[in-house]
Amino acid sequence: MSQSPILFIADFNIDTLALHIANSTMPGIVTRVAPYGAVVPALAAGTPEREWMSVVWTRPESASAAFQAALEFAEPDTDRALDEARALAHAIARFARGTRATFVPNWTLSPWYRGYGPLDLRPGLGVAGLLARMNLVLAETLAAQSNVFVLDTARWIAAAGPRGWSDKLWYAAKSPFGLPVIEQAAADIAAAIEGLAGRARRLVILDLDDVLWGGVVGETGWQGLNLGGHDANGEAYADFQRALRGLTRRGIQLAIVSKNDEAVALEAIDRHPEMQLRRADFAAWRINWDDKAQSVVALLADIGLGAESAVFIDDSAIERARVASGVPGVLVPEWPAEPARFRVALASLRCFDTPVVTADDRARSAMYVAERSRRESLTAAGDPGDIAAWRQSLDVVVAVEPLSAANLDRAAQLFNKTNQMNLATRRLSAAELMDWASAAHHAILTFRVTDRFGDSGLTGIIGMEFGANGRHARLTDFLISCRVMGRGVEETLLHVAIEHARASGASALAAGLRTTARNAPCLEFFRRSGFRTAPDTRDGCHTFTWDVVQLYERPRWVTLRT
Amino acid sequence: MKRDQALQLVYDAIDAVNPQLPESRRLAKKPETVLVGPAGRLDSLGVINFLLTLEDRASEAVGAPVQLLDETSLITEHERFRTVDTLARHLEGLGRA
Chain W
1 MSQSPILFIA DFNIDTLALH IANSTMPGIV TRVAPYGAVV PALAAGTPER EWMSVVWTRP
61 ESASAAFQAA LEFAEPDTDR ALDEARALAH AIARFARGTR ATFVPNWTLS PWYRGYGPLD
121 LRPGLGVAGL LARMNLVLAE TLAAQSNVFV LDTARWIAAA GPRGWSDKLW YAAKSPFGLP
181 VIEQAAADIA AAIEGLAGRA RRLVILDLDD VLWGGVVGET GWQGLNLGGH DANGEAYADF
241 QRALRGLTRR GIQLAIVSKN DEAVALEAID RHPEMQLRRA DFAAWRINWD DKAQSVVALL
301 ADIGLGAESA VFIDDSAIER ARVASGVPGV LVPEWPAEPA RFRVALASLR CFDTPVVTAD
361 DRARSAMYVA ERSRRESLTA AGDPGDIAAW RQSLDVVVAV EPLSAANLDR AAQLFNKTNQ
421 MNLATRRLSA AELMDWASAA HHAILTFRVT DRFGDSGLTG IIGMEFGANG RHARLTDFLI
481 SCRVMGRGVE ETLLHVAIEH ARASGASALA AGLRTTARNA PCLEFFRRSG FRTAPDTRDG
541 CHTFTWDVVQ LYERPRWVTL RT
Chain F
1 MKRDQALQLV YDAIDAVNPQ LPESRRLAKK PETVLVGPAG RLDSLGVINF LLTLEDRASE
61 AVGAPVQLLD ETSLITEHER FRTVDTLARH LEGLGRA
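In order, the protein sequence lines correspond to chains W and F. Quick note on this note's numbering: the first sequence kicks off at 1 and runs consecutively. Quick note on this note's numbering: the second sequence kicks off at 1 and runs consecutively.
Calculated from the structure, these hints are not laboratory results. Among the hints, erroneous ones may be present.
Here are the simulated BS3-like cross-link-like pairs (lysine-lysine), alpha carbons at most 30 Å apart as the crow flies [as the list claims (entries may be wrong)]: (1) W/Lys168 to F/Lys2; (2) W/Lys168 to F/Lys30; (3) W/Lys174 to F/Lys2.
Here chain W stands alone, though its shape is the one from the complex (with noise of 0.2 Å):
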């Protein structure tokens, strides 16, 4: 999805933000600037393809000719502004439908502009009261078109500084915004765009000791931390923690790798009163005194995520280097000395950035303590007989659900992230699913997983196609959540969509995987699922049969809910 091409639009000159996405910040994408001030037209136009994304960013001024009124201190006719405001808003969603996204920076005021001064928020006269409720009318006009973001242009020009709006520039070359704004705007363009590619990150590894807490647990023991109470620094950590955990209300897991003992950095997780993350909080953990790099790797092992989902905060600048060198694609940031730098640096990281945040995501903190006490009743289980016994025990649950408006968003958000147990890696906004799903001979079916141990949400999809005669099926998506594999979910999802395509009258189901560089896991499954081989002469294709006639079956212990 990151490459997809980019068409701004704009009622000012665009072209910096477009040389500055298409050079630096995401170089190699094709970028085409609208003709500057033809909004409307460019907007009537449409993009030359659906796969084309979309910047469109306009001043109130020239959006509303009732702001321009109430800027020049007219009495304000708010019904009307509002109305121009409704009406472009509605043009971009029009437009937006032919696109894969659409990003739409809100409007902003020239930050010298003052307006009425103490009256400029009261209502039915002040010009920034009322640009509030034509960016609230524009936000909720756009907030029922899934693939259109609104983005925050003050907080650009408010990070920009003295520097982020120039009327020498406007009056020079018709464009007010600064480079550093451009910078800003630049950066989370990009941000939501490798996000909605599925590339958001969704762990972050942190090291304890003057990270978490100030001073070294190891030697003060718990009491002795700075953590909290009445010091700048205490407070700092305390707060940074609370940021943290407030990620993991967005879907983002944490864990530790730390070099310390384990007793004794539990103890002061499970002890100390100012702690605003607890045992809970953490998907994973590894305390010793091993080599870091080696840690995270085997953390990752643990958790099933990839290096590149991960981000890596340490305050030794020794391993952050041997982290970064030794486990590529892991994330590693500068990290401030200071404390009360380390929520700044945490929320300049662009990288948690994602398209939607469903009620899984919501949930994933739960997910992950039940995560941990299942692989820790596994490690407990030890040999083959006692898996299969485990196995027996978890109680696992599948239940089926058509792909549907209620489930859309997270199915869409798996579709994007899942990269291990994937057979065709295809990348689809929610409205590119909704609409395959929706064509004549097509089927997206979604499945939730339980067990004893906890609900891991919607974490498996398969995508069927069925040809034209009736006899042949495809298995064209097969895509399952790490957090479930294993539990013998993939062989009740190959279960369904047998069962599915013999419904269908298909004498014959077929799966074509493409090899990707993560996707390895998904070709090893197929390859002991049963499924015959077929010859397959394109690059990195494989193609893997199923008579339909023969029944393929669910494990024993897993209960199908359809």
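Here the structure of chain W is known, so what remains is to put chain F in place on it, guided by the hints.
Just chain F now, kept in the frame of chain W:
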């Protein structure tokens, strides 16, 4: 303003506009780099962004407004803006004035 400081200001402005140029066309931070004119690599928007960035930084450095972007002088005093070196010399002169 000393020569080194003037050069550094120009280099900082180059750092600000280089991200808008393709990797192969970025401005080198060298005195002989051509900024304006037929051999320059900045288009008109790039020149404006460059000079406004430099104006801001030079104004901070000398503690008074510095005006570089003037369409008339860009045409009539083109030589002043031609290279990193000539522009730095111009800034030195402003600092002395």
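Status of the hints after comparison with the structure:
1. For a cut-off of 30 Å, the pair hint linking W/Lys168 to F/Lys2 stands: about 27 Å separates their Cα positions.
2. For the proposed pair W/Lys168 and F/Lys30, the alpha carbon gap of about 28 Å is at most 30 Å, so the pair holds.
3. Distance check on the hinted pair: W/Lys174 and F/Lys2 sit about 34 Å apart at the alpha-carbon level, beyond 30 Å; violated.
Checked against the numbered hints given earlier, the structure breaks only hint 3 and satisfies all the rest.
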